[in-house]
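Let the sequences and hints guide you as you build the complete structure.
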Amino acid sequence: MELRRPPDAQHAVAALGNGSLALAGGTDLVPLLRDGIVRADTLVHLADAVPRGIDGTRIGAGTTLAELEVDPQVPAALREACAQAASPQLRSMGTIGGNLRQATRCWYWRLRFPCWLHGGEVCHAKAGQHREHAIFGNERCASAHPSDPAAALLALGARVRTDRRELSVAELYRLPTDESRDVVVLAPDELVLELDVPLPDASVYLKAMDRKKWAFPLVGVAAARFGDRVAFGLAGVAPIPWAVDSADDLDRATPLPGTAYKVQIARALIARAFSAL
Amino acid sequence: MARLIRTEKEVEGRFTEQWIVVEEDALDQWPAGPRTVVGQPTRRVDGVERATGAAVYTADVQLPGMLHAAVLRSPHARARLVRLDLDAVRAAPGVRAVIGPDDLDVLTSEPCYEGHGVAAVAADSFEAARAALELAAPEWEVLEPLLDPEEAVRRESLLAEPRRHDRGDFDRGLAAADVVVQAEYRTQTLLHNPLETHQSVCHWEGDTLVLYTSTQNIWGVRDEVADAFGLPHDGVRVICRFMGGGFGAKNDAGDYTLVAAELARRTGRPVRCALTRREENVVSGNRNATIQRLTAAARSDGTLTALGGEFVSALGWDGWLGPTAGPMQMLYACANVRTVEYGAKLNLPPMAAFRAPGFVEGTFGLECLLDELAARLELDPLELRRRNHADSDGTDDRPYTSKNLMECYRRAETHWERRHEVRARSEGPWKRGVGMASQIWYGGGGPPSYAWIRVGSDGRAVVVTAMQDIGTGTRTAMAQIAAEELGVPLEHVRVEIGDSARGPYSVISGGSSTTPSMGPAVRSAAADVKRQILEIAAQRFHLEERVLDLKGGNVVSADGGSWSLEEVTGLLEDAQILGKGARGPNPTGMRVMTFGAQVAEVAVDVETGEVRVERVAAIHDVGRIVNPLGASSQVEGGIIQAIGHALSEERLDDPATGLVLTQTLDAYKVPTIADVPEIVTELVDVPDEHLTNLGSKGLGEPPIIPTAAAIANAIRDATGADVRSLPITREELLHALEAAREQERRGAAAPA
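Chains as they are written, first to last, in this note's numbering: chain A, 1 to 277; chain B, 1 to 752.
Calculated from the structure, these hints are not laboratory results.
A few of these clues could be false.
Derived lysine to any residue pairs resembling SDA-like cross-links, with alpha carbons at most 25 Å apart [unchecked claim]:
(1) 213/A x 666/B
(2) 126/A x 636/B
(3) 212/A x 89/A
(4) 213/A x 636/B
(5) 126/A x 738/B
(6) 213/A x 147/B
(7) 213/A x 244/B
(8) 212/A x 735/B
(9) 212/A x 637/B
(10) 212/A x 147/B
(11) 126/A x 143/B
(12) 213/A x 679/B
(13) 212/A x 143/B
(14) 213/A x 167/B
(15) 213/A x 607/B
(16) 212/A x 429/B
(17) 212/A x 428/B
(18) 213/A x 426/B
(19) 213/A x 675/B
(20) 212/A x 725/B
(21) 213/A x 228/B
Pasting the structure below:
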């Protein structure tokens, strides 16, 4: 395997695709490579290729979660989502750009069961162990998206600038389909460069997990208030970060037998987030 | 005089009758209470070595020319090998030797659980070994696995005959009761996850196999490997000076040791075989899941009239049936007890001992049931336990060598009284409550165990015994005991352990038996040395031995004379004073048990199912405490591990294939430091007057036993919900709360 370190975004994009993968903090990619879930001939290190740092509402994709969680310019929901993600060591390595691209923790997918998300026919989690899995968007695949910051960015209405276009975080994600099992709309050689995160009047991130620290969300609820409008972004409840307008949307959840409890938690956290604003 | 006796030997509730040779234990116990060294809080003698990285663990062993092994393990719970290309593996770069199912008993072509070893390779690097195994391209005929323990019991797929205990008349006991409670409890499969994974480095020096291994049982590994290779027992030299945890899973040699030994034999080079974290979480052993259908019956004053239980243990493909019914048989006075235990044989990885196997699971069920009974009787749970105190062992009426459980209850009262104030701090969705549970367990240790001590002309003592310290601090405890008996400062004692070629036999570090087994042997060896020193001093200074003693590193006489120890031993030049000591027998006709009680305080978010353990008070009775600092550290470790058992840890298996889904530490959730509550440790610290020259029992296991039940009982106190299944995840708790609400609705709807 080859490791390249292109001097700028243009070179990085040119080096991507055809068996080349982008490497930022590596906290998810390296385990995926080690476990043979993704393969790469070349790793393209992004340290010099994507911006890092926070400037008002603009956040470089190479900014680490550790940097975001302490910066007063960053809206509370994103700061809190970063602070409650992973462990300090992981947050010091992991970047916000990479975090948006992190893969599900579904144990069947991680253990390389030939599941639907891997291109197979069935979702093993549905008939199997699925207590950490989805309550929305789970018709074909019950995996849950693990990113806390992505839910916050969704609620905050953040926009993503790539090397070739600008799109909202809501547009970045898509439920995987029979034709494409990807959860993002980006091309294989497309690079997230920067985020633009609007400043809300108030925002908050609440997280339910299996222990106090260092666990992926069972349910994460981000809420952001802009004037009299409140937007919610949920983590851990669907194959992608999931937007809801209010707790009423939970009536349309399609939980599995082992994930029904998540509906109850989401309801409680949405109510708490709403009253916190 | 050496005495041959027939005795009952116990390890973790497994009793065997065996012959042993014991020596008289002529020493009187020290008076109760802290002594000069023993009973003083003492930092670990090897703490700096461990903290600086100087301590060499098996994982650190690097030998010249060492090869690395990898094991091809079954990806199926049950399958038959159709094809395996070991030639392709043999031809891979860096490969030095390959073995398959025909080459070693622990390798198989018909695996019966995921991870069952099939083939192994030794290569220049671990990466090369793993890459070579990729070329084996096994083809499998996948067979239907048996995974459901209840189904296994129906089909009589059992690893042991059902174990029945029936005393008194259970049915009459039921009939005599005013209240009967029945409930089903479930405990989950748990993984040990020691920091250091199971591993060995094997190296043949001529006909001797030198074996570095991370083990709790140096002598057991020696015998097991020697037998497997047809060697005399001392043809295997087992070395384990430091080890990174075991919790019961490192009592045997393990397939990795036999694989490394065979590959080392074939290559003539040292071979390391170390389990990866994933292998560790699949094949290194587990605490088996249980299903417990329990009954408790009592008169209105709380007197138990009957206890009954059917226990199903999901043991996996191999293992042994832990004493899950033990607490029900022994914890309380009850004339009518009927239990039956089944050990289901399944296509799942074999169980292994795990810190109080059986009693951890059985105490959860029994102690939760007792609180349900207390609620029905409208009795205080602590009072109910007091009223049913067992004065002797209910299984055979043997008297206990010592039992201070009532004292534990008395000390628990202060913590128990906090419940009114704790409940009053409930606020909004956060409900608070307090729960308690009692503990009973073995932990008396026993013979044989030996120690040697030598003292040279510099007056320094070296304790030599082939014991292992699995991280509990027994090395420090042995140094304290030797220093106390010899009357020398702790710094003047070295303890050399961990090498079967350099010291006598020591007990397994399991069953809370190291300190109670080794401690008396070390004291006895020190007394032997002390006697000789005083004899020499008496001759040197023309005094009677009886007026001499060793104190503070000096030989002192009754008339005020004082000579430094070096002054006496300095006469010796190269000669040495050699002492030996052996563990004496346990008293016959008596039962040695440990006891305790814990009180847990929890906060429960009834809307999101979150449980926070805020405080645990632990009061244990384990005889004399050698090192209060080491003891509190044991208690804290036990409680932290128990909190993982209670709230977050669970091995999940795929119900269709029997494959383990939680193979990594993000999926298998041990507690983090943030999950650790305030822990208050109190030790009764009264020597067991019937137990050896030391009066100490073991403390490795007791603290993990009652915690989960205390937490569950605190949750009931806080919320009214009965949690009967571990772990108490948010899902479990929300279901329990819903069931409690449902019961309340039905109760309210019922006619008055």
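Checklist line | Structure versus earlier hints - violations, ascending order | finding: 2, 6, 10, 13, 14, 21
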